[in-house]
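K.L.:
For reference, the chains in residue letters:
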Amino acid sequence: MTADGGPELVQLLTPEGERVHHPEYDVDLTPEELRGLYRDLVLVRRIDAEATALQRQGELGLWAQLLGQEAAQVGSGRALRPDDYAFPTYREHGVAWTRGVQPLSLLGLFRGVTNGGWDPRERNFALYTIVIGDQCLHAVGYAMGIQRDGAEQAVICYFGDGATSQGDVNEAFVFSAVYNAPVVFFCQNNQWAISEPLERQTRIPLYQRAQGFGFPGIRVDGNDVLAVLAVTQAALAAAREGQGPTLIEAFTYRMGAHTTSDDPTRYRVAADLEAWKLKDPIERVKVHLARTGMADAAFFSSVEAEAEELAVHLRDGCRALPEPPPTSMFDHVYAEPHPLVSAERAEFERYHAQFAGGAS
Amino acid sequence: MTADGGPELVQLLTPEGERVHHPEYDVDLTPEELRGLYRDLVLVRRIDAEATALQRQGELGLWAQLLGQEAAQVGSGRALRPDDYAFPTYREHGVAWTRGVQPLSLLGLFRGVTNGGWDPRERNFALYTIVIGDQCLHAVGYAMGIQRDGAEQAVICYFGDGATSQGDVNEAFVFSAVYNAPVVFFCQNNQWAISEPLERQTRIPLYQRAQGFGFPGIRVDGNDVLAVLAVTQAALAAAREGQGPTLIEAFTYRMGAHTTSDDPTRYRVAADLEAWKLKDPIERVKVHLARTGMADAAFFSSVEAEAEELAVHLRDGCRALPEPPPTSMFDHVYAEPHPLVSAERAEFERYHAQFAGGAS
Amino acid sequence: MAVTTMAKALNAALRRALESDDRVLLMGEDIGKLGGVFRITDGLQKDFGESRVIDSPLAESGILGTAVGLAMRGFRPVVEIQFDGFVYPAFDQIVSQVAKHHARSSGATRMPITIRIPYGGGIGAVEHHSESPEAYFAHTAGLRVISPSNPFDAFVMLQQAVASDDPVVFLEPKRRYWDKGEVDVDADLASAMSPYRARILRDGTSATVACYGPMVRTCLEAATAAETDGVSLEVIDLRSVSPLDVPTVVASVRRTGRLVVVHEASVFLGVGAELAARVTEECFYSLEAPVLRVGGYHTPYPPSKLEEDYLPDLDRVLDAVDRALAF
Amino acid sequence: MAVTTMAKALNAALRRALESDDRVLLMGEDIGKLGGVFRITDGLQKDFGESRVIDSPLAESGILGTAVGLAMRGFRPVVEIQFDGFVYPAFDQIVSQVAKHHARSSGATRMPITIRIPYGGGIGAVEHHSESPEAYFAHTAGLRVISPSNPFDAFVMLQQAVASDDPVVFLEPKRRYWDKGEVDVDADLASAMSPYRARILRDGTSATVACYGPMVRTCLEAATAAETDGVSLEVIDLRSVSPLDVPTVVASVRRTGRLVVVHEASVFLGVGAELAARVTEECFYSLEAPVLRVGGYHTPYPPSKLEEDYLPDLDRVLDAVDRALAF
Ligand SMILES: Cc1ncc(C[n+]2csc(CCOP(=O)(O)OP(=O)(O)O)c2C)c(N)n1
Ligand SMILES: Cc1ncc(C[n+]2csc(CCOP(=O)(O)OP(=O)(O)O)c2C)c(N)n1
Ligand SMILES: [Mg+2]
Ligand SMILES: [Mg+2]
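Protein chains in written order, with the working numbering: chain F, -3 to 356; chain U, -3 to 356; chain V, 25 to 351; chain G, 25 to 351.
Derived by calculation from the structure, the hints in this document are not laboratory data. Don't take each hint at face value.
Below, in silico cross-link-like pairs of lysine-lysine (DSS-like), each with a Cα-Cα straight-line distance of 30 Å or less [said to hold, decoys possible]:
(1) V:K70 to V:K204
(2) G:K70 to G:K57
(3) V:K70 to V:K57
(4) G:K204 to G:K329
(5) G:K57 to F:K273
(6) V:K57 to U:K273
Turn these sequences into a full structure, and let the hints steer you where they fit.
P.N.:
This is the structure:
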């Protein structure tokens, strides 16, 4: 496999910040929109860095870092319309940001105060899914629902390179192809599934998987926010227009550890990381903005300031996240009354009432 | 999808019995070998017909007919070497025949006297697998074992068009590709999964699925025993030589019901069946043998006589199949002693001892 | 009131569900033109169209996983698993997603999914076609698990399952599909008994027999036979295995002093274990004998020629009753 | 004899298994260079090679399904499921194939597969990383299900599991991975106690407490605390949940008259239900109180800030003991 993504890689902005053209894909953004993307990238990276720090400080039990995948997430997330629907894994903090999900609400899961964290309906952004691949079928089911409602909406489904080995992901390919469902499969190939390199999951580029199911697959430079935006917009438009599914492979790199529990020095060489640093998704946009005069120093420092503010907000907010009352675990097991859960809750309350203060 | 299999279909013997050439695949058989294949086809069809009749007579609870799929099974089965290993579904009576499995032992499962019926190790022919797709992973695991033993053997795995939708089958594709395992995936596309036509499983020809996983896929005329033999021999040889997996799609047609419990008139039109009758897998071999003078009337009637004998053997043997003693259900739950099973067996015996005669 | 089979009653229930709520969808293998291998969905695709009665690809995880997405979109999917032994490929989606989505979302996302599974043995089938997987689901928080024993309950309970905002595993006793009974097809759902309540089908004084699904008829027959020996059995159709209607059983056991639980599933960690443990806890001083259990053995379901030896029958129920009475 | 952690003891056991039988293979996600997320396979790929310590694609059904094929070829696969909550995608292969192959083939095909699963809670993890799925496997005929509670048992029992000709679900109490204990790494396997026998860890007279895996330490601590109140608890480490060593528990209950069963899994249809039902049946006249159960609630495993409220702890065990004594 080509370490640089190969000739099939769609790119609109080189690592050096040069705007290039592609025969099939393009975006036409105003300077303001470009600055907006830059701002997204910086803020998303900052959320990630702050959450990582909060984990180190013991405020979070775990954090799944997105470092290096900002462009893949912001580019695809910004391609969505508000009424499109996104199904994330556990790492799509950048997509969450583009959907308008409160960054603070992303922390709850990792702090252990909730298994969810937000109402999926509010921003058409599903809850994080931890079981690898499960959400791909949910995405297809949701897309089948859109078809039945006759709506002009699309679904995007995120998953990793490792996930492509799961039966459920492949079943999602089957169902979406057979029903021609309006869904975009967005695979962030960050080259690693924890400690396993891509070669443990496939021997050909992942975007080619789609061919086997009869729908288009495309490989995009996942560190190029413009290319990702362009490619995702096109795929979503095709889905909305009834052309069915597309698989997008965003070729990128997990620059951090798998999660804060992971130690990548055990399984990968530092040189790779250095090579990928040269392809940083934010740097190239910054260079491009600066070189073309679309942004000046004042803009860059205003974004920095905003990032700083966001970090403070996260820091303070994280510590203030309310702990759920113990009895809340009984609350939503069922939507309708359930005698066993009621009895166990009562027993729980009786038991805790014995102790001074008791549990709520 | 092309109803006739399309231009990609490998064919060596036309429905009219004409021997044609293919740029890539060929077989060079002696007249005796050709007659042998004819004999296989006729006997296998007869086994199937007799078992179907036995079901109608109440001797079997069920039978999964192979009518129309004889060439796919005999051609691929005869491509195997004795030390290759085959993993069937529940319909591979023809493959079983080529492996030398006693036809009578196929009936046990359908008569309800066993959940198995033969010792898989004797003929390198696994037990029938009823859960759709499960055996594909077993086949890959077995092939991984061959690799570890440094043996020059290959595995063939049978499954249907419907099975291609199962997660497990696609995981088998992933594992075999990643490990380059010596396995041939042999998909009998008989156009139906019970009542569901191929379109419910895929929107492109099934052999193309392999492309998505990075190994070759090929579509062969499943009613052409010579083409199936040639293509399977080539794929098995490649596997043995370390070239990894191949997917063969044998394009054929289920001429009978799904099983004796099924009523295909509810979901398919008679005209299809008529069209496929013209492509009968046996007729074309007979015409070819007769036309080329490789076989005469005496040969054909000797095969008929042999088939008749086999039918009688099955009929008599089926009725004589021993019923398992009731306590046999406790016999092989575990390989090592298990107190619960022992206790239940003792209780079972105590209980039955109460009645006159008792259970064994 | 009309006399009909359980199969027809289930068909009528699905028809009513499709008619009364256009968010109800059916999905499964062969449920369209074929009407399902047991014809439970017979004619429904013809009348409600392919978009509401959906023949799915052959993939159970796919069926349940897309059902989750459809539920998130506001549909009420009713999925058919062709046979009990084929539900396991969907186990992850059922246990980790269907069962937990509602809690995970703090109530935001409901999972009104009905999982219909023809289950149990007695029809002379090959392997994987006769299993009783209810304990797996009953042990799983977030799921409800119910099973009708007769056409009337089948008709009402299936509609109740579809109308429920919780996921319901709806276990259809396939060997009772052709049993007949009276069904009031105009029955008002609102006034129907909760599907989670057990029903005393026969009053008795000597011992209580609790059962569900396919074993109900067997136990009723056992009670009739016992009567001739002067033994009066109270027969309770549990109807729901999760939740279990413990109070109804406890009240009965307080009267009779003895309990026998009967199901086809393996006794070891079967539903009977839970009922035995709970009833013993609540009736410790009224029990005159330990709760006895009659069920399948700790073996795979045997080949069909042996299923009569494997499945609890009238005699095995009476044997357990005798043992309970002898205590 | 050396003092070591359970994690290290398990590693040593795998090393011994790989050394002593070249048909033993390890397979799983991240078990190679990384040594598994808990480092249980640390260093093994380096020493035994990629062909015997196999990093698998990310697919649990694939892992178990290929293990079946490897077993048919005469290998003894030891597979690692990364966390309890990720075993469900493999459920079909485990229940329909691994568990049933031997019976289906009338003994011709053995399935000497060990399925290692770090299980249980208490480590502050996110969803799906703290579950206790043992009841699903224990209810499944054809499987054996065992769980060590200390480094020594971990060392011996894992080797016994690998050496067994039956499939063994080997549940590793992940929150006890770092507990230390004495391990005799030269211990002779042949003379070791059967893994299917329970062990009385502490004699007592007031009541019996039966537990396994992660709860053993909790129950021993409870027994120590109870002692100061003059309550003498007999603590039994069941070690195996399928088969259950009922005779050992029954003999104890005959002496103490009371039984409390403790596990992390949901009480409803948990292993405690089966033990309660069986012990009650066999000790009907010696029980002075119903068997009481302490375990998880009928809820999904809660977010980690609530896990202390969810998991049985010393106080909840003592509360149940008090209730049993008060009967
Ligand atoms: C079914 C399942 N198996 C195992 C895991 C443990 N696990 C969490 S993340 C991960 C690797 C995922 O790799 P990939 O799909 O490439 O996504 P990435 O983490 O790189 O974004 C694994 C094995 C899981 N969450 N779910
Ligand atoms: C997991 C599973 N789901 C459902 C079934 C029920 N079933 C038996 S055969 C069959 C259709 C199989 O179609 P295909 O794979 O094309 O093979 P064919 O029967 O045509 O040879 C179905 C749905 C099953 N055996 N296993
Ligand atoms: Mg990855
Ligand atoms: Mg087919």
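K.L.:
Does each hint hold? Answer for all of them.
P.N.:
Going through the hints against the structure:
no. : hint             : in the structure
1   : V:K70 to V:K204  : holds, 26 Å
2   : G:K70 to G:K57   : holds, 8 Å
3   : V:K70 to V:K57   : holds, 7 Å
4   : G:K204 to G:K329 : holds, 26 Å
5   : G:K57 to F:K273  : holds, 24 Å
6   : V:K57 to U:K273  : holds, 24 Å
Consistency with the previously given hints is maintained throughout, with no hint failing.
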